[in-house]
Every structure is written in C-alpha cells, then in structure tokens.
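K.L.:
This is what each chain is made of:
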Amino acid sequence: MKDSARGVFEGQAVQLKGFRDGLRLMVDGSASIEEIESSIRKRMSNLGDSLAGTSIVLDTGNQHLSDPDLERISKLIYEAYGLEIIPDPIPTKTEQAKELFSPERSEKKQADAKEIIDRPIPVQEQVVLDTKPSSVDVQKHDLPGREATCIIRHSLRSGQVERFFEGNIVLFGDVNPGAEVIAGGDVVILGRLRGLAHAGALGNVESVIVAMNLTPTQLRIGHLITRPPKNNFGKRKMQPEIACIENGSISVKTFDGF
Amino acid sequence: MGKIIVTTSGKGGVGKSTSVANIGTALAMLGRSVVVVDADVGLRNLDIIMGLESRVVYTSMNVIDGECELEKALVIDRRVDNLKLLAASQRNNKTDIQPDQMKEICLKLSETHDFVLVDSPAGIEQGFENASSAANSALVVTTPEVSAVRDADRIIGLLQSKDITDLQLIINRLNPELVKRGDMLNQFDVLDILSINLIGIVPEDTDIVGASNRGLPLIYDGTSGAAGAYQRIARRLDGQDVPIPEFRAGSWLGNLMGKILGNN
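Chains A and B, in that order, give the protein sequences.
Going by my numbering, the first sequence opens with residue 329, and the numbers climb by one from there.
Going by my numbering, the second sequence opens with residue 32, and the numbers climb by one from there.
Derived by calculation from the structure, the hints in this document are not laboratory data.
Given the structure is predicted, the values throughout are model-derived calculations rather than measurements.
It is possible that some hints are incorrect.
Claimed, not checked - Pairs of lysine-lysine, BS3-like flavour, derived with a Cα cap of 27 Å:
id, chain 1, residue 1, chain 2, residue 2
1, A, 370, A, 403
2, B, 103, B, 193
3, B, 34, B, 193
4, A, 558, B, 211
5, B, 103, B, 134
6, A, 565, B, 211
Starting from the given sequences, assemble the full structure and let the hints guide the process.
P.N.:
Below, the structure written as structure tokens:
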C-alpha cells in the first residue's frame, strides 16, 4: 500500500484535488507530520485567494492520523489558507473496502475489494509552463472524454460567489460586478461577465473563460491575473469572447466557436 | 394587515430617509394611514428630516425595554392626518436591538396602519437585518453612480435571499445635465445591472437640502421636481398607474415616449 500510495502522490505526502465546490486533500498517512505539512505548503502555494472560504475534505485513505497531527494539519490549513475542514460526505475507498472485507464474504470478493484499494487515482496530464508549477488536478469524470460540469441557471449579484473546483462552470445569466465565478476547469458565461472569473483555479493553465459579453473587473486563469483595458466598459453589444493563456499571459480573442 | 416596506440601499447618503419622509407624507396625503419607523439606532435622522425631533419622547428602544406601550411612542405629525413616526434611540446602537424585536413591533404596527415604512440604516449588518426582519417588500434606493449601484446590487441579492421578492427601485438624484455629458449613468445603465422593477426616478433637486434642515419635507412644496417625483412614487405604491416622465436636460417636464427610443 505505502509504495503504490507514494507513487500515486508523486513522491509528495499530500495530493490536492477539486471536489465539487471544494477541495479534497489526500494525505499519505505513513509520512511524517513534517513531511505532510511541507507538502501541504508546496501544493497550496500559488493558488491565490480564490480558495478563501472554501471547504476541504481530509482523506487519509486507510491510514489514521493521530489527533495531535490532525489538529496541526487543520490549524495549518485554516490559518494559512482560510480553508475549513468538513467531514467526508462520501465513504472513502477504505470504508467501501471494509464492508467488502466482512468475514461472511467469499475470498473472491475479498480479492476484488483489495483491488479497489490498490487501484491508483487517475492523474490528468498538465501543460507545464516555465513560470510557476501547477499543483492540482481536475478530477476526471468516470466516463472517458467527459468532465464534471456545474450549470448555474441564474445571474450572480455583487457579493455572490460560485465555486466548483471539481470541474467546469456554465452560467445562464450575468455575473455582476462584485460577483465571482471560480472553477477548477473552464468558465462559460451565457450572458454578461462583469465581475470576476477564475478558470483553472487549482492551477490548470489550459482552462478558458468564455462570455457573451466580456467586460470583467478581473480575469484569472491558473495562477495568472489580468485586468481589462481602460476603455472596456463601453462594450454593450453581445460579442462573444474567449480568454486563454498564450505565450505566458492571458489573451482575449473574439469567439466564434471551438 | 398593512404593507411593511423596508427602504434600503447598502450605500449611505443616497436618500433613504428623505425618501421615507416624503413618500410617507405623500401616502398620508392620499388618505392612507402611515407610520414611518426609523431603524437607524444610534444615528437616527428620520425625526430630524420630518421636523419632529423636538417632539420625540419615547423611542423603539423604550418600547422594547417595556418602558412604554408602542402606541405611546408614536409621534403624531400634525401637518397631515394619519401620519406617525416611531423614532430610534440615539443613545443606543444597532446591536441593542434584535431582528425578532423589530419584527414584532412592525407586525403590530401593520395591524393598525395601511403602510409601515421602515427606514433602514446603510450597510448590510445588523441594522439592515433589524430593518428588514418584518418586511414583505422593499424599496431599494440608489443614485446613478457606480459605487451606489454596486452596493444596491449587493443589497438586492441579500433581500432576495430573505425571500423578499417584491423589490422596487428608486433612482435618486438623477441629473440630466450630467447624463448628457456622459459623466453620470442613465437609468438604463442602472437597470441593466440591477434588473428589478423601477418605481420612480427622483431628479436632483437643490431644494432638498433646505427642506431637510428645516424639517419640512419637500413634498409640501408642490412645485419642486423632487416633490413631484415622490408624489408619483407614492401613487404607484398605492396601486395607481402613473407613467415615469422623461427627464431632459433643460426641461423637467416631459412625456413618456421618447426615453425608450431616445438616448440609448
């Protein structure tokens, strides 16, 4: 277990994944608390303030961390990154395995269960820029070629924030100034984007932002931030545009389909 | 049961208290029974604008503390029938009253009055929570400038999350000269972002300042532009169908048509 776990975590003691509108921190419980803390810092650096106020689930697999260690991790995560740890809403692979491991089951089922625990967690390929490293994966959907996407069917008013770290966001409506849309994947606004959008919020530099009218206060993709040109607010017509990272910076182009 | 309307804005100084004073008075002039409630504990000014400061003996704080009956705390405006004021305490602050307590007072008042107009303080914190606790509808006041509209959008989001869905917008202090020059947002720019029903536009009116200081709401002076606007808003609140006139630079009177086809 430990070796394959280390392999999965790429030699790091923790792995960070988008999970619904929050995050999932997978911790290699066999690592020392110092290794875990240092790995957390490494994974979380460069992620910016789009994460503030987000919930995070701690997944230690079939290992158990001691209470003082858990305490230390919780404290670090909350004080340094503003993330609040919530209970795991879905049973971990371990718990699933525990059910299957009951003595009443046949040996074949026990073997199946063992395979579930040992199966590595899929890792998405990343485009690597020579700037800062991206550190987190967008969870691939179970069906190949499909990605988890959240549809929001209303406009956002100033002060409202929608997060979906697990995948992409499609919004039917406007995003008003002062509102924020934050996705682990792409952001598509079928309306006016006048507020803030952050695509690839966990470090994916391939993510894009599309809007029918792109007049944002600020755009963020991956770890890059850009603001619109000075005379941008004159635009009233619906003129679809797409923002993506090109040559190390965010560029905006007219959008007429993929 | 009367209607409980909270007048709020998010931003300070956009004309909430002025609107409550003038609209409340106008509704009373139309024959409705009205009580205006100042929810700005600690920074009260509804009584000043209405010219009733010297007659306030008991405030909502006294009522909540059980020192006096609600009826006794209501100041009766002698200039027009059926208009009363429940003043806020100046020596306390907003944390001294809980939303439940305000709610109880407003509900009680709505049993015996057609309109309970609650003047909310600026902000989105406890003062706003207290003021909106009993409301079933809201008047959102904004001026046609970017910061005010931003704050109004925030407050509308908060009102909607409280299931207060009857939201009416007042655009206050519109200055057609500045709109013409491109220095000020026009009503369409504002409505584009706020997307709620517009119940009225009140033009910039220098007479407001004097009226405020003298405690004589402008509504009593039929000739002023703002007074006319508040009259129309009161009539709309009362269920009448009154068109919004066009405000052109250089002329305050106008007709309905042109605006839709015109400026934009």
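K.L.:
For each hint, tell me whether it holds in the structure or not.
P.N.:
Do the hints match the structure? See the list:
1. As the CA atoms of residue 370(A) and residue 403(A) are separated by approximately 16 Å, the hinted pair is consistent with the 27 Å bound.
2. A hinted pair counts as satisfied when its Cα atoms are at most 27 Å apart, and residue 103(B) with residue 193(B) does not qualify at roughly 31 Å.
3. Restraint check: the Cα-Cα separation between residue 34(B) and residue 193(B) comes to about 17 Å, which is no more than 27 Å; the hinted pair holds.
4. As the CA atoms of residue 558(A) and residue 211(B) are separated by approximately 21 Å, the hinted pair is consistent with the 27 Å bound.
5. Proximity of residue 103(B) to residue 134(B) is assessed by CA-CA distance (about 18 Å); at most 27 Å being required, the pair is judged to hold.
6. Restraint check: the Cα-Cα separation between residue 565(A) and residue 211(B) comes to about 21 Å, which is no more than 27 Å; the hinted pair holds.
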